[in-house]
Every structure is written in C-alpha cells, then in structure tokens.
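Number of protein chains: 4
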Amino acid sequence: MDKLRIGIVGAGRIGNVHAESITYHIPEAEVVMVTDPYEEGARKLAERFGVPKYSKDYMDIINNKDVDAVLVCSPTPTHAEITIAALKAGKHVFCEKPVHTSIECIKEVQKVAEETGLKLQIGFNRRFDHNHSHVQRLVQDGTLGNVELIKITSRDPEPPSPEYAASSGGLYIDMMIHDFDMAMFLAGCDVTEVYAMGTSLVDKRIGEAGDVDTAIVTLTFANGALGVIDNSRRAAYGYDQRVEVFGSLGMAADENDGDSTVRVSTAAGVVSDKPQFFFLERYMQSFTEEMRQFIKAIREDTEVPVGIHAGLMSVVLAKAAKKSLDEHRPVKVSEIYGG
Amino acid sequence: MDKLRIGIVGAGRIGNVHAESITYHIPEAEVVMVTDPYEEGARKLAERFGVPKYSKDYMDIINNKDVDAVLVCSPTPTHAEITIAALKAGKHVFCEKPVHTSIECIKEVQKVAEETGLKLQIGFNRRFDHNHSHVQRLVQDGTLGNVELIKITSRDPEPPSPEYAASSGGLYIDMMIHDFDMAMFLAGCDVTEVYAMGTSLVDKRIGEAGDVDTAIVTLTFANGALGVIDNSRRAAYGYDQRVEVFGSLGMAADENDGDSTVRVSTAAGVVSDKPQFFFLERYMQSFTEEMRQFIKAIREDTEVPVGIHAGLMSVVLAKAAKKSLDEHRPVKVSEIYGG
Amino acid sequence: MDKLRIGIVGAGRIGNVHAESITYHIPEAEVVMVTDPYEEGARKLAERFGVPKYSKDYMDIINNKDVDAVLVCSPTPTHAEITIAALKAGKHVFCEKPVHTSIECIKEVQKVAEETGLKLQIGFNRRFDHNHSHVQRLVQDGTLGNVELIKITSRDPEPPSPEYAASSGGLYIDMMIHDFDMAMFLAGCDVTEVYAMGTSLVDKRIGEAGDVDTAIVTLTFANGALGVIDNSRRAAYGYDQRVEVFGSLGMAADENDGDSTVRVSTAAGVVSDKPQFFFLERYMQSFTEEMRQFIKAIREDTEVPVGIHAGLMSVVLAKAAKKSLDEHRPVKVSEIYGG
Amino acid sequence: MDKLRIGIVGAGRIGNVHAESITYHIPEAEVVMVTDPYEEGARKLAERFGVPKYSKDYMDIINNKDVDAVLVCSPTPTHAEITIAALKAGKHVFCEKPVHTSIECIKEVQKVAEETGLKLQIGFNRRFDHNHSHVQRLVQDGTLGNVELIKITSRDPEPPSPEYAASSGGLYIDMMIHDFDMAMFLAGCDVTEVYAMGTSLVDKRIGEAGDVDTAIVTLTFANGALGVIDNSRRAAYGYDQRVEVFGSLGMAADENDGDSTVRVSTAAGVVSDKPQFFFLERYMQSFTEEMRQFIKAIREDTEVPVGIHAGLMSVVLAKAAKKSLDEHRPVKVSEIYGG
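Protein chains in written order, with this note's numbering: chain A, 1 to 339; chain B, 340 to 678; chain C, 679 to 1017; chain D, 1018 to 1356.
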C-alpha cells in the first residue's frame, strides 16, 4: 500500500508538531501540502520537513486530488467549516479540539462525518500519553475493578494574559476541556452532571475579565462513579498533570514526568526534578502516537480512537460547568444537550 | 512541678491508647483513675498501666479531688454531659470527637468552658500526624504562599456493617469529620460553603440504610481558597490518608506510610509496601503527640492546640454536607450556624 | 509466668535505650537493678524508669539472686569479663557489640556460654530494623532466588574527632562491624575473603592518626555470592543506611527513613525529607525489637536471634579488612580465624 | 553552512540507530552513503532513510570526496583499520567502542588522529544519557563538592549464550567497558588501580568458557576517590542502569527509567513499572545526543566530547581488571599502560 498523503491546514505550532511526527516517525504517511493564510509560515514548514507544496488558501488542499487526509490545525473558529469542506471533498480529517464552541456546529460536523463515512478524529492527544493511557488500560482490563472515584489535576506553569483569558472562551473550555475528555476516557462512559467552582486567585484581572484561573469541578458519571477535576492557571513548580482512578479492586495514579530520575541529597534536602516545562515537552510523545493511530485507522479502515462524540461531549461539559458556575448549582448535562 | 493527675472516662480502645501514651511517653503526667460502666474493662486498663483506682461510675472521677484533668473517651452521646460535669468540677478536659451531634449541645459546652476558663481540647489527632502537620507548617511558615487549593483523601480499608453505618450518623459525621477538621487546619481558616456528593458503590445495603460509602465534598474557604475531600469506606490496598495543599509559591503533598521503605524488583514489577493497615497503626504517633500537647498546655497555661471551635465547626460542616446531599445544592455554612 | 527480672550494667546512652524499651514496651520483663561506676548515672536511670536498685559495682548485679538476665552496656573493653561473670553466675546475657577486640577473648566467652547453656545474645540491633529485616525475609523466603550480589551503604552524618578515631580501633571495627554483620545476615552465610580499600578524604587528621574515614570493602561469601560495603564518616545529607540484595529472581533494596513522606514542589525543585538524623532516631525501633526477642528467647527457651558466632565473625572480618588494607591484597578469613 | 555529509560503515543495528538520529533529528547533517559487506543490509538502510548511495566496500566511503565524516559501525576487529583509513583520507570519524582490544592499535589510532588534527569521537553513548549526564553536571558544577565515592550498577536483562561470552573478550571488555568509561566521566579523572572479582552464578557454562557473569570491580581514582562497579549478565526485573556519586557536599543518584510513572495499588501491593527493556529502549536518547554533539564539534571546530583517551583508558581498565581477576590481587593501571 502506498503512503497516505496528508495535507495540513495551519502552519502554527501544532501544525509543525504533526508534520514532524509524520515526517520522522510514521513511514506509512507523508505530508504533501501545507497551507496557512500567513504564507511565510506555510513556506517555512514546507522547507523544514521537505513538503513539496504550500499555499495561503486551505481550499488548495481541499481541491488537491493527491491529498487523502487533512489535518485541521487552524484557529478554533475555522475548525468546523474546514472539517466539513474536507469531508465533503472525500478526505479523512483529523481536527484539533475544540471542534467548535457551538454545539449546533459540532452536531453539523457529526452529521456530515456520518453521511460520508469518512474517518474523523479529534485531537485529544492526552489520551495517548504514556502515563494516562496506562491508567486507562488498567481500568479497561479490570485490574481496578468497578470505577468509583476519578481525580484529575491539571495546572499550567504560567497564567495567560488577562486579554487572552477574556478571548479564550474561559478556563472551562480553553483549559479544562482536556480534563473533561480525560475523565470520560478514564471512566469509559459519559458524565451526567457537573458542579463547578471557580475563582481568580492567580490574577485578579482574569476575574475582572469575567474568567476564573482556579477551579474545581465535580462530575457524576453515567456508571455511578464520582469525579473531580482541579485546575490552576499557574503552578510555581511547573506543568502539573496527574490522574488517579480508584476502583473496587484498587487504585492507579500517575506522577509527573521530570527530565531525569536523579535525586540530589545535600544538607538542604533531597531534591528531585520538577515536572517537564509545558505541554510541548510533556506531551510530545502523545502527539506522535495520536497521529500514528489516526493514520493506522485510515489504512486499516478501523474506528478512530477519538471520535466526534468526544469532541461534542467535552464542549457540552464545558458549557455545563460554565452554567453551573453562573447559576451556582449542579447542572445536569441533559440541560445542555440531549435532554 | 508535680505530675499532672489524669482520670480517664471510658476504658475502650481509645482510652487504652491515651493511657499508654501517658504512662510510657509523658513523664509529666500519670493516670490516677479510670472508669467504665463495664467495670471489667476499667479493671483491665488499670492493671495494664498500673492505674491505682478504677470504678464503674464516671462521677467518681468528677468527684475525685486528686484528678487534675479528665479524658472523655466514652461513647459519643455522653461526651458533652461528662465534659460539662468535669469542667464544672474544676477539671481540665480532653474530649474525643465529635463533642456532640447537636450544635446546641456543643455551644453549651463552649459556654461552660469559657465561663470556667479551664482547658478544653478536642481529639482531632490527625493534626498531630508527622506528615499532615509538616504540610500545615509549610502553609504557616509561608513556604507555599497564599493557599489556593486543598485536596484531602481518606479511605478506610474495610467498610463497616450496614447496621453500623445506619447508627453512626452517616459518613459525613462519622468519617469525614476528620477531613473537615483537617481542611480548616490546613487552610488556617473556616469554611463558608460546601457542596456534597455521595453514593453507595461499596455496599448497596449502606445505601438502603440511608447512608453513603463513597463521597466527594467541595469546600469554599473564608480566605477564598477552594478545597475538595474524597472518602471511600473501602480501599482494596488499605488505609489511604493523603493531603495536598497548593499555593501561590508551590505545593506540599504527603504520601501514605508503609511498614518499610523496601522495593522489591522481580519479573512481576517493582513492588513497594501498602499503606499501614488502619488508624491505630497509622496514627499512633499522633495520639501520643496530641496528649503531650494537651498536658503541656495545662502545665504551662497556654492555649490548647485544638479548641472547642474546631469541635463545633467540624460538626457544622458535617451537617451542611448532609443538607447539601439531601437538597442537591451548595449549602452555605451560615445556613447551619452563625448566619 | 512471672516477669523476667533484668539487671543493666552501664547507665550510658544505650543502657537507657534498653531500660526504656523494657519498661515501656515489654510487659513480660522489668528492670530490677542498674549499675554504673558513675553512680549518679545509675541513680538517674533508676529514677527515670522506676528501677528499685542501683549501685556502682556490676558485681552487685552478678550477685543479685533476683536478677534473671544481664544487659552488658558498659564500655567495650569490659564486655567479655562481665559477660563471663554473669554467665558463670547463671544469668542469661545480652552483650553489646563488639564483644571484644581480641578473638581469643571472644572464643573464651563462647566457650563459657556453651558450657553453661545459658542464652547469650549480641547487640547487632540493625538486624531488627523494619527495612533491613524485610529485605532479609525476602532472601529467606526465596522471593529473590539465589543471592548473587549484596551491597551495603553506611554513612554517618558527622565525623568523630581525630582523637576518637585514633582510640576507636579504627573504622573497620568501630563502624563497619555493623555492616559485616549485616552482610552475613543478608547472605545467610559466612564470608570467606575480604579486600579492603580505605582513605581519609573527610578529615586528613584521621589519616594522620592512622585511621581511614572513607572505605570500600568487597566480600566473597561462602555460598559464592559477592558483596561490597561502602562507609563514610560524613554524609552532608545525614545518616545514610541502605542495603540491596540481588538474586537470581530479583532484587530488594531499601531507602532511608525520613521524618515524613511530604514532598514540597516549588520553583526550586521537588524536595523530600533528608534521612533521620542519626542512629538513635533511625534505629530506635530496632533496639526495642532486639530486646523483645532476647526476652522471648529466654522465656520460651528458644535460640537467640543473634548468637556469639555473629559476635565472633564480625570482629574476624574487621581484622581481615584491616590486614587487607595494610598489606594491600585480598585476605582470606581463614588467615585470621579457623584456618 | 551546508549540511555535513556522513558515510556510515556498517549497516547493523547501531548503524541504523545513527542513521535514524541524523535523518530525523539532526537537520545539520545528512547520510550520503552506507556500506556493508552484507550488501542487502546496506541497501535496506539506504532505502529506509533515503540514503542516495550504498555498496559492499567501505573503501567506497573512504574514497568518496562528498563524505565529510565517517561513522565506524562495523564489527570491533575492523574499527581501528577503518578509522585510520578514514582519518588519512581527511575525514572526521565517529568510532564505536571498543576502538580495539589491543592497546598498541588504539595508540596507533591516537597517533594518526593527532597527526591529522581531524575530529575523532568514541561511541560511549551513556555519557549523553539524560540521567547519568545530570549526575555528572552536579559533579562538574560543584554541587557535590569533592568526589569521594562512586558506585555504578549495570545489569543486563538476559545473559548471552556461552558461545558469545567465550568470543566476546569477556565481561570486563564486552560489558563493563561502558562502566569504566562512566566511572572516569563521573570522577573527572583517570583510574590508577583496580581490583576485580568475578564468578559465574548466572550460567555455569559461561564460567566453563573462561568468562564471568557476575562481577564487582573496585577503583582508585587519580584524585583519591574510591569507586565500585557491579555487573550481572541477568537481572530478572530487566535492564538495571544506575549511578551514584557521593561527595563532600552531598550525593546524586539516578534511578532506572520505566515506561510510565504509574503506580498501581491493590491488595497485592503498590506496583511501579520495571526498568525499560534493554539498551535500545533505555539509551535511544543518548545515541541521538552523542551524534548531535559529534556533528556540532565538527561544524563549530570544537573539541569532541569523548576523545580517543577515553577509548584507550576504558580498554586499559578492562585489561587491568582481567589481570586482577587472574592474579587475584589489585593491579595498578601503570602495569598495563603508561607505567
């Protein structure tokens, strides 16, 4: 079978990450075209990874008969539109999250994907992380028994600017969306209710901009388990990414990855490495693995590991959390979607 | 200064623990009398620790001029009554928790304590644990900066019988009361609001008896920090007792204590010790330390480390949590007390 | 059965440790007499633990018909003489290590012990440590398979004065003797050859006094396994006590004990506790346990857990190591003893 | 500056590892030719990494004017001859270890390298490992003070066949050579004396073939520090790679890398990951890093990080260790070289 031919829409940071994974680590595929309205970015990506074609207009990829699959790595507001165009042109699609901030739009994407029967994978890369995926396997293989409690911690090393916070859609959709997906991934089922707490302790201006920077959200899962997520926009010690699943037969929990396993013992104490700096360092392996599995699903015509349902429900939970915060009460997921 | 002379009301498990601490580890005090309606129990404790007097009736301690301080280790419903009697007889009191399940009764105890000016310490022993107290010191000395998030995990090794669960007052007051106190201890302030989730995943009969065995409760602290407690009545791997405090300058978290630090590496994996079995093993050091500090506070006429306010607020939070669960909404602490 | 009646010869630090263990933790025994040429020390110990009799002369214990067993906690040069006197007076003996620095003397003690048939236990307390003994159990129960490599690290927090070093008999007998015994304990057999390296890197004056402060000694065990011990008189981070056993089925290794399990994560790194300060903190539990087992062996008339053979062979290995260092070659144990 | 053009001699496992590093991770270089007497192997490597030329004869690389640097990845007996030919043809060389088993040959290589002034790097990849190199940096930057003790553990997951062991030159040169280099790397100086112990506990046939499979070697460093290396050809729990440096200000020690940080707590215990399987998994990052630094040294005309001195002294130490084992005595390095 020939190599799968891939077009990348968007030559920013994440577009480069995927281009690198494919070029260096996935011999079954090749990047044949990249587009970006900022044409110089597209040109640089093309040069860096030996991609033969680049342009400003994503329609050049959509219309390119030699492209089998499209990676949608453009800004969030354009995800749905490009995904739909690509699907309608007969191309498989990998779409970064969130698919859209409107549930109606996501459902439209879902409809098109179902009609075309093409592969559509959503970019929840953390599911492919070596630590978190190991915990999930222990759920799936029964080692932990029935899942009863799930705890997820995500804390960023540095807060965004208040301007970014204001325009990002808020912490629940900008940051916690990963954790909502992780929660469902670990539980193996959907969430039925959320209760959200949030405040601005890191930077008062984030609160003045109408967002929160410190948050706890509790979850009720469809299988009866309970869960809790905590987020902070700033951890002094770095990027903190941990999950814990507690079940009837035991618990699995992961720790942060450091740059080394060295422990230094001096009169000052016994010191270990801090967590790796941020998501590009910490999750690089997961970006490669999600791409590998996307390409494998196309080539072997099997189900993608993260479908549009995950893309939909993560946004639904973010909206439910925001509503819970605003109305200061637990919110049923059915109030937002599917009631 | 002569030894402080102590009378113990209640010769059960915890009465024996305190008698052992005083006899073996606190040379500044001695147990001079013990009472228990089950006289044989009192006799055995007296024999075991060389206590010169024992009887069935706690009034024998109250009326004993040679007793300086009373440890109230009797069943919960009798705590308040005995504490008041002892205070009125001019004796300092150490009272096991909970002081009472009625807030009115606790306030009555508080009033008598204030009127008499005698020492009254409540038995929240976990504050004296070598791990948890180290975390609290890091809050207090500013190492962690402003406290923003607090997480507490408490899981028992084995569930109680459904009958016990039914008669215990429920998980929030029977088990989580320790964690409510720990939360306020770590935060250094009171809690203003709680939201409680609870379910019976361990034993359906516990649910049928009207109680829960798996619970998550979120907390809003007076200083603006957020917190979360999770409880389970059964952890397959043993007694799980961990706290984590996250602040503007960093995080402190403790791990369970095992019986050894040995790691065994075989073809099956790298295996470490499970947590120590249950509270008598895990918290023995803390029982001795709380008693040492109680005795020190009396002898040096300083403030007791855990006063009646802690006894009161922990019960208030347990009641608020129960109300939150019943009414499925966040409950302000002021709805229960002090509003 | 009545309590075992114990006399303690020597009211120094270790005499007090044993008195505390017996008085507070071993209800099956009681200290009935203590002697010390420094009578004030004997008086203080007696007062502290309620011991009814004290005097300056250890013969008062030897001649006391109400003493069943004697703890020899006097300075090293007197160990053998007092032990022999006590055995001949029909008393069981617990003797601190080393029994003597002369092999002839130790053999004389051994002969008397065998003739009298009384219990004689040597004070290698580390065998009873919760960590090291756990490793040894894994050897004994076959978890690790055939033992192939043993590694022992012992490092003190602070060096002794050069004067002490000069008079102590040297590092191999003063400090590494514990590790020689630990090596045989873990291997379950004797050592047949040693090769010793030693130097003074911590304090040149220790070298000038004819001793070493930094040492590595390799061992060949009778069962064919290899071993290595490293010692330093000064570890900046504290008292470092670790063992590792590697066998055909796996490895067991222990870590130092800290005062808590807390990890503090800040911008400076992730910091854990240093090892507990020194042997009184680190090994207190083992002192109590060795005494408990000594008393049990007497009361149940079973073999003592650490007999005179251990006392003999540890000194033999120390001498072999010194000879190896002096002659700069591997030395067979049979050159020193039993050849 | 143009890309550095590299020829690879030897298309086996390690030749492929280097080709992958250069092709995927080092944009400053490119592989332009590969040779292998087994031409099919060369063809496959060329195809896999898009290398334009391949042949059977390494002289095709030596004579190729378009090759700037040669990687010598052929069998050990040919290393010196090919390295010399390449240097004489004006090409920089990266040579796998050991350079040769004859010290005379290595000195000849050294002479040619010095005469030509070209770069010559030896393949001690472990110096570039994220864990071990972190420990070395702590030595170099003074964090640990004066180095006093060095401990290195290397254990393979599975023993070689007795035939391989017989033909490999023996454990000291085949396996421990890495550890000899690591010891000098960590100490920052040469070794002056070794004492070797060795036995065959893993497979008696290895002993019958004249080799050992379990070994301890002690080291005296030129700076006065002491060291010890232990090796086993079979660790039931996997590839065990740890170093520890103890100095006047503290200690740094690393742990094995696992595939994840997950800990699983069940009734059976608390289980962590085993070490990563073997050197290709464990040290892949170090292979890339050594190549990156080799290419950087050429392009920036700076000193290579691992020169021929390391290649020479590691073989000298292996020979000294073998002599020590054979003659059962400590052997000065000057007996082998440079005396």
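Don't read these hints as lab results, they were simulated from the structure.
Predicted, not measured: the structure shown is a model, and the values here were computed from it.
Treat the hints loosely; a few may be bogus.
With a straight-line cut-off of 30 Å between C-alpha atoms, the simulated DSS-like cross-links for lysine-lysine are [stated by the list, open to error]: (1) Lys427/B with Lys543/B; (2) Lys974/C with Lys1001/C; (3) Lys1020/D with Lys1128/D; (4) Lys731/C with Lys383/B; (5) Lys1124/D with Lys1001/C; (6) Lys681/C with Lys383/B; (7) Lys662/B with Lys383/B; (8) Lys392/B with Lys775/C; (9) Lys1340/D with Lys1001/C; (10) Lys1061/D with Lys53/A; (11) Lys296/A with Lys97/A; (12) Lys1010/C with Lys1221/D; (13) Lys882/C with Lys681/C; (14) Lys785/C with Lys775/C; (15) Lys342/B with Lys731/C; (16) Lys53/A with Lys1070/D; (17) Lys1070/D with Lys1349/D; (18) Lys775/C with Lys722/C; (19) Lys974/C with Lys1010/C; (20) Lys296/A with Lys1061/D; (21) Lys332/A with Lys543/B; (22) Lys436/B with Lys543/B; (23) Lys1124/D with Lys1010/C; (24) Lys1010/C with Lys1340/D; (25) Lys3/A with Lys1020/D; (26) Lys383/B with Lys427/B; (27) Lys662/B with Lys332/A; (28) Lys392/B with Lys722/C.
Quick list of simulated restraints, FRET-style, between CB atoms [said to hold, decoys possible]: (29) Lys88/A with Glu1064/D: 48 to 54 Å; (30) Met962/C with Gly1029/D: 56 to 62 Å; (31) Gly866/C with His309/A: 46 to 52 Å; (32) Gly866/C with His364/B: 24 to 30 Å; (33) His667/B with Phe955/C: 36 to 42 Å; (34) Gln1302/D with Ser1012/C: 46 to 52 Å; (35) Glu163/A with Asp1083/D: 35 to 41 Å.
Partial chain B-side listing against chain A, Cβ under 8 Å, derived [claimed, not checked]: (36) Asn485; (37) Leu488; (38) Thr531; (39) Phe617; (40) Leu619.
Virtual Cβ for every residue (Gly too), placed ideally from N, Cα, C.
Here is how each hint holds up against the structure:
no.	hint	verdict
1	Lys427/B with Lys543/B	violated, 46 Å
2	Lys974/C with Lys1001/C	violated, 39 Å
3	Lys1020/D with Lys1128/D	holds, 29 Å
4	Lys731/C with Lys383/B	holds, 28 Å
5	Lys1124/D with Lys1001/C	violated, 39 Å
6	Lys681/C with Lys383/B	holds, 18 Å
7	Lys662/B with Lys383/B	violated, 42 Å
8	Lys392/B with Lys775/C	violated, 43 Å
9	Lys1340/D with Lys1001/C	holds, 22 Å
10	Lys1061/D with Lys53/A	holds, 28 Å
11	Lys296/A with Lys97/A	holds, 20 Å
12	Lys1010/C with Lys1221/D	holds, 24 Å
13	Lys882/C with Lys681/C	violated, 51 Å
14	Lys785/C with Lys775/C	holds, 14 Å
15	Lys342/B with Lys731/C	holds, 23 Å
16	Lys53/A with Lys1070/D	holds, 27 Å
17	Lys1070/D with Lys1349/D	violated, 48 Å
18	Lys775/C with Lys722/C	holds, 24 Å
19	Lys974/C with Lys1010/C	violated, 37 Å
20	Lys296/A with Lys1061/D	holds, 23 Å
21	Lys332/A with Lys543/B	holds, 24 Å
22	Lys436/B with Lys543/B	holds, 28 Å
23	Lys1124/D with Lys1010/C	violated, 39 Å
24	Lys1010/C with Lys1340/D	holds, 19 Å
25	Lys3/A with Lys1020/D	holds, 27 Å
26	Lys383/B with Lys427/B	holds, 29 Å
27	Lys662/B with Lys332/A	holds, 19 Å
28	Lys392/B with Lys722/C	holds, 28 Å
29	Lys88/A with Glu1064/D: 48 to 54 Å	violated, 37 Å
30	Met962/C with Gly1029/D: 56 to 62 Å	holds, 58 Å
31	Gly866/C with His309/A: 46 to 52 Å	violated, 60 Å
32	Gly866/C with His364/B: 24 to 30 Å	violated, 37 Å
33	His667/B with Phe955/C: 36 to 42 Å	violated, 52 Å
34	Gln1302/D with Ser1012/C: 46 to 52 Å	holds, 49 Å
35	Glu163/A with Asp1083/D: 35 to 41 Å	violated, 53 Å
36	Asn485	holds, 7 Å
37	Leu488	holds, 6 Å
38	Thr531	violated, 12 Å
39	Phe617	violated, 17 Å
40	Leu619	violated, 22 Å
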